[in-house]
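A.B. asks: Chain residues, written in single-letter form:
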Amino acid sequence: MDFQSHIRIENLSVYFDDLRILKDITLDIPDRRITVIIGPSGCGKTTLLKSLNRLLDPVDGVKVQGRILVDGEDIYDPRMEVTHIRKKMGLLSQKPQPLPMSIYDNVAYGPRVHGLKDKKKLAGIVEHYLKLAGLWEEVKGRLSAPASRLSVGQQQRLCLARGLAVEPEIILGDEPTSALDPQSSQHVEKRLNELKNEYTVVVVTHILRQAKRIADYIVFLYLGELVEHGPAEEIFAHPQDPRTRAYLTGEIS
Amino acid sequence: MKANFRLIKDRLAGKLMFFLTTLPGLIVVLMLLGLFQRSRPILALKSFTGLLFSSSWHPLRGDFGFFPFIMGTLWVTFVALLIALPISLLTAIYLSEYAPRLVREWSKPIIDLLAGIPSVVFGVWGILMVVPLVARLAPLFGTYSSGYCVLSGGIVLAIMVFPTIIHVSLEVFSSIPFQLREASLSLGATQWQTVKHVVLRKGSQGIIAAGVLGLSRAFGETMAVLMVVGNMPIVPKSVFQAGYPLPALIANNYGEMMSVPLYDSALMLAALILLLVVLFFNILARIILVRAERRAE
Amino acid sequence: MNRRKIEEEFFKGLMVASTLVVIGSLLLIIGTIVWKSLPALNLAMLTQTPKGGYYLGKEGGILNAIIGSLYLGFGATVLSILLSLPVALYINLYTMKSSRIATFTRFSLDVLWGIPSIVYGAFGFILMVAIGLKTSLLAGIITVALLEIPIMSRAMDEVIRMVPRELKDASSSLGATRLETALKVVIRQALPGILTAVLIAFGRGIGDAASVIFTAGFTDRIPTSLLQPAATLPLAIFFQLGTPFPEVQQRAYASAAVLTLLVLAISLISRVLTKRYTKHTIK
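Note that the protein sequences, when read in sequence, are chains A, B and C. Per the working numbering, the very first residue in the first sequence carries number 44; after that it's consecutive. Per the working numbering, the very first residue in the second sequence carries number 275; after that it's consecutive. Per the working numbering, the very first residue in the third sequence carries number -12; after that it's consecutive.
What the hints contain is simulated information worked out from the structure, not anything from laboratory work. Certain hints may be false.
Stated by the list, open to error - In silico DSS-like pairs for lysine-lysine, Cα to Cα no more than 27 Å straight-line:
#, chain 1, residue 1, chain 2, residue 2
1, A, 106, A, 174
2, B, 289, C, 171
3, C, 155, C, 171
4, C, 155, A, 106
5, B, 283, C, 155
6, C, 262, C, 171
7, A, 138, A, 163
8, A, 164, B, 470
9, A, 162, C, 262
To be verified - Derived contacts from chain B toward chain A, CB cut-off under 8 Å, selection only:
#, residue
10, 454
11, 461
12, 462
13, 463
14, 464
15, 467
16, 476
17, 479
18, 511
19, 564
20, 567
Just so you know, these numbers come straight off a predicted model, no measurement behind them. Just so you know, even glycine gets a beta-carbon here, dropped at the ideal spot from N, CA and C.
Start from the sequences and build out the full structure, keeping to the hints where you can.
C.D. replies: In structure tokens form, the structure reads like this:
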């Protein structure tokens, strides 16, 4: 598989107090593909994901070593403006987190926070991204209703629209469908597949079947170590490392 | 046979405990009834509104106008909350969202200690530090003050109320899930923007409840305010004038209470008014907090 | 971009300043009390009762207030324990989760918790008169006990609630009665928390002036019976500070120092106890 690297992770180690969660990870995340991070629970998948948009920063006692280069810039460089980096990445969490405001305000939050005040432009953005997330038809008549009144599936799509509205380059998903019913899960997976044409997508999941469905590239973590990574067909068909094999066959979870 | 004895003990203990459990409710009722009963004499002679709105306080003549004391209480409470609300809120936000772990862990016990200092000690400190300071401040504002005035009372009261508002606010903030903040941060918002638009919005009801609880605490605080507020039964016209809050009235005059006719009844009425107002605010705050909790589910 | 940063730094500055104000107040208050009372604190002050005149005497010390406060504090706290612990145990072990009695009692305790101490004082006075008691140690004890009950009950309720359900179930399924579960299992598990609750209430009770101003009276002597009036540290401070005699005022500062130290010590001990307690609980 031919791809360009969008994110280059170099010797990344993450410590929580004295516990080493991620051990010396070096990895290229391909541009405009769906990369899925898999591994047994507690192996550091979410930590790896969160290190990409520096969401580990506000956590007490966290130490990050190594470099993560996005478009050639090290995002952990102390001179880096963290909000600038985060703007490049959109995060979809496991449990949908609608902000305590209306549907409209949720989607408009990102652009507003970065300084956009033009009402017409905002309205256009809101409509555009709600459509992109496949939610527009369902909510267009009640944009000023509180976002909390939506169903869980709708909320997750709202969060997707919200994340896209800041025009990121990379979409991060932390088990984005594990809290959803099968129908909504399908919806979200479809969107992610469509989005990969424009965005680089990195998703963490513990559902192997989901990984098989959507992944172009696989990253397998075990106990904080990068065990194996490569194009999805290769990893699923011919896993090299015995641990990968054991995980794929269900021996370890 | 032994089993029976144990069961008997259990039942007896249960009955005794049940009886004791009815006490708290009973005490509330008794308080209300008792104070009302003792206020009856003066209520029988004068109209309630007359008492509330008359400014004439001459017990020896039989004049019991509560207006100056109500105003005194309102003035001092208002000043106290004006100072305490912003400072407490900002402190709570800092400790909850910005402070490094060590600062947070050391600040909490210190604030708890502040909460435990007795009212009279606050009063002593008020006399030693706040009163002279305010006296020196007054000329800057174009007036003279002995320092024993509403402002001093408000300052001391504000410090006493800090721990209440901070504590409740911190609880409110910690009940907001961290993921919500993450959602905002991951969109590229700064921490302050996250606080403004997400944390404060989500916690707005709880913060209001914290304020109401602080208000209720301020209303009933007696000794510290009494020692610095001047205790003149007039309606204050500025913060540099003396005031005479309701609790201070009651505490100061317990001595003459029995020797002047109707005086004790008047003071009991003052206590009753105080009780009802504080009850009102407390229940209000509870309702707000319960509603906020239910919304969060 | 710059505007965001400026706003953030501005509010950050305000926040730090506010926190410093709060913390600074505590340090300032304690510092001032210590500073003023240092010259007055000596052995004579702490071990003698006031002499030379009807409680404005210029000699002697504050022993009357110290002992009076201790008598009052212990009496009120013991009485309060007798009335609070059974209630906390009852609503947690003898009633169902959603029992109306439990909800109503907790609500009443919440209400009582917020009532200002001056109202307790007025109520105590009413009780006194109704029973035919004069201003005395006993009247003070009863009033302060009433003040302490909501504080103690609430704290006890919280710690007993925290005792894991499985523990209570384990005891019942072994055939223990509710009483036995209460006394042998729950109290033992929650003991540090219960002690903390007692300490907190004690600290509050001993420092309160408004509740005893009507009820406990004041005297130069150390009470030898429950029916005699008792001096208390808070009232000692209040009365003696108001006199024009510097020697008497010195006694006020000394009382303030003793009271503050006492309350601080209680606070520290209860903190240590809570820390110990949370170390042992199985979550």
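A.B. asks: All hints, please: hold or fail.
C.D. replies: Structure-based check of each hint:
The suggested pairing of residue 106/A with residue 174/A is violated, with an alpha-carbon distance near 39 Å, which exceeds 27 Å. At most 27 Å may separate the alpha-carbon atoms for a hinted pair to count; residue 289/B and residue 171/C meet this at roughly 19 Å. With a C-alpha separation of about 11 Å, the suggested pairing of residue 155/C with residue 171/C holds against the 27 Å cut-off. A distance of roughly 42 Å separates the Cα atoms of residue 155/C and residue 106/A; the hinted pair therefore is violated under the 27 Å criterion.
Only pairs whose Cα atoms come within 27 Å are accepted, and residue 283/B paired with residue 155/C is accepted, the gap being roughly 19 Å. Distance check on the hinted pair: residue 262/C and residue 171/C sit about 23 Å apart at the alpha-carbon level, within 27 Å; holds. Distance restraint check for residue 138/A and residue 163/A: the Cα-Cα separation of roughly 31 Å exceeds the 27 Å cut-off, and the hinted pair is therefore not satisfied. Of the pairs offered as hints, the one joining residue 164/A and residue 470/B holds, with about 23 Å between alpha carbons and a cut-off of 27 Å not exceeded.
This hinted pair does not check out: residue 162/A and residue 262/C have alpha carbons roughly 54 Å apart, beyond 27 Å. Given hint, residue 454/B at the interface with chain A, holds; its Cβ is 5 Å from that chain's nearest Cβ, closer than 8 Å. Taken as an interface hint, residue 461/B checks out: its beta carbon lies about 4 Å from the nearest beta carbon of chain A, inside 8 Å. Interface restraint check: residue 462/B against chain A, minimum CB-CB distance 4 Å, threshold 8 Å, status holds.
This hint holds: residue 463/B has a C-beta 4 Å from the nearest C-beta of chain A, less than the 8 Å allowed. Because the smallest distance between the Cβ of residue 464/B and any Cβ of chain A comes to about 6 Å, under 8 Å, the interface hint for this residue holds. Because the beta carbon of residue 467/B sits about 5 Å from the nearest beta carbon in chain A, less than 8 Å, this interface hint is met. Using the Cβ-Cβ criterion of 8 Å, the hint placing residue 476/B at the interface with chain A is satisfied: the shortest such distance is roughly 5 Å.
For residue 479/B, the interface hint is violated, the least distance from its beta-carbon to any beta-carbon of chain A being 11 Å, above 8 Å. Annotation: interface hint on residue 511/B violated; nearest CB of chain A at approximately 43 Å, more than 8 Å. The beta carbon of residue 564/B is not positioned within 8 Å of any beta carbon in chain A (closest approach about 18 Å), and the interface hint is therefore violated. Interface hint status for residue 567/B: violated, as the beta-carbon distance to the closest one in chain A is roughly 15 Å, over 8 Å.
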